[in-house]
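Chains A and B, in that order, are what the protein sequence lines are. If you read the first sequence in this note's numbering, its first letter stands for residue 1, the second for the next number, and so on. If you read the second sequence in this note's numbering, its first letter stands for residue 64, the second for the next number, and so on.
A hint or two may mislead.
[To be verified] Below, a sample of chain B positions facing chain A; criterion: calculated Cβ distance under 7 angstroms:
| hint | residue |
| --- | --- |
| 1 | D101 |
| 2 | E102 |
| 3 | K110 |
| 4 | E134 |
| 5 | L168 |
[Said to hold, decoys possible] List of simulated lysine-lysine pairs, BS3-like, C-alpha gap at most 25 angstroms:
| hint | chain 1 | residue 1 | chain 2 | residue 2 |
| --- | --- | --- | --- | --- |
| 6 | B | K204 | A | K2 |
| 7 | A | K7 | B | K228 |
| 8 | A | K51 | A | K13 |
| 9 | A | K2 | B | K110 |
| 10 | A | K13 | A | K36 |
| 11 | A | K55 | A | K7 |
[Said to hold, decoys possible] If you only want the chain B side, here are some residues facing chain A, beta carbon under 10 angstroms, derived:
| hint | residue |
| --- | --- |
| 12 | Y100 |
| 13 | N162 |
| 14 | H193 |
| 15 | E198 |
The set of hints was computed from the structure by calculation and includes no laboratory data. The beta carbon of each residue, even a glycine, is placed where N, CA and C say it ideally should be.
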Amino acid sequence: MKNLRLKSARAAKDLSQQALADMVGVSRQTINAIEKGDYNPTIRLCIDICKVLDKTLDEIFWE
Amino acid sequence: MEERNIAFIIGMVVGGFVLAVVALIQKVKKEKAWCEYDERQLQARGKAFQYGFVVLLFYDVFYAALFAENEPSWCNNMFGIFLGVGIALVIMGGYAIWNDAFMQLNQTPLAVYLIFGGVGGMNLIAAIGHIWTGEFLENGKIGDSGINLVLGVTMLILTITFAVKNHLDKREEE
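Same shape as in the complex, but just chain B:
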């Protein structure tokens, strides 16, 4: 197995572990009943997940139909698939943010900025590093390291959306 594949699998396992820990913390918090979503937010989040799911489904079907035989000429399949994940995340997160269903009750905007900024920043730095060292392109195509760029840009778009919505909410409140 290639060194890069091992690193990718380790990254996925660590990412999965972090997500599981975050989900566990959320569950404990929920049991303490101080941090959750209200009924309108749950409804909006349901729609957000629905839209994200449909977009990803169609993207994957079209991607498979077009590139099942041969990879795209400009990127490898790993990047192509993660591009769909990024688009679906933007749709899902963007809808939830725009409908005030992203933040839990009692959650502060700072926490969201820290999460988005942390994940987005790390991925963008990694992407810039890959471009700098010339690892971004593999045989003239965008390779696995392009995933960092997808995740970084996704988080950047969500951060900007969140900031704009937050600003509009504050003006409305005033």
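Here chain A stands alone, though its shape is the one from the complex:
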């Protein structure tokens, strides 16, 4: 299932996939895969993404 909340939170911060990827230390394709729902990130990566986007885990990842 696509993670549209991640995509919109990233867009709200005016970050490209590459910029977010660089900030959390992963490849652009990994961010893309998470947004497309092709990859389930570890809790550690989820926390890193939430910190960068100033969101909680619930807001971005909880169904």
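Assemble chain B onto chain A, guided by the hints.
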């Protein structure tokens, strides 16, 4: 020991040495924490190695079952075994490339093209040389020098796969 066998062993030792140096450089880079794979890439690479390993295992089992007594009619055993290595490398590398798990973070496509192009180009040139001089066939069969062709074609396939994937990624990014 035949001159060709000595050359083959020297080639393997030098190749092993180069691989060890590259692995050492990678380790040093990793300790500096600027060049590594992320968690998704590690997962995809694990699967790639798994598929490559299974393919090579089955290939070797079938090859041994079919040709343990007599060599194939069209090639010698050395070529036959390296053909399996080439197929396994294509499966492993192709899967890793297609799942964006081949390049390390901060590694540029140019570095990959240089490695693939260098190794593939050298082997293809050597293979063409063997065909040109008539050393490619030994007693009507593909001999040891066919290994260059296997490695050259393997690298060529991986280079094309990498180029196609890279192109698709760029279009997606745009």
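Worksheet item: Failing hints, ascending?
Response: 3, 4, 6, 14, 15
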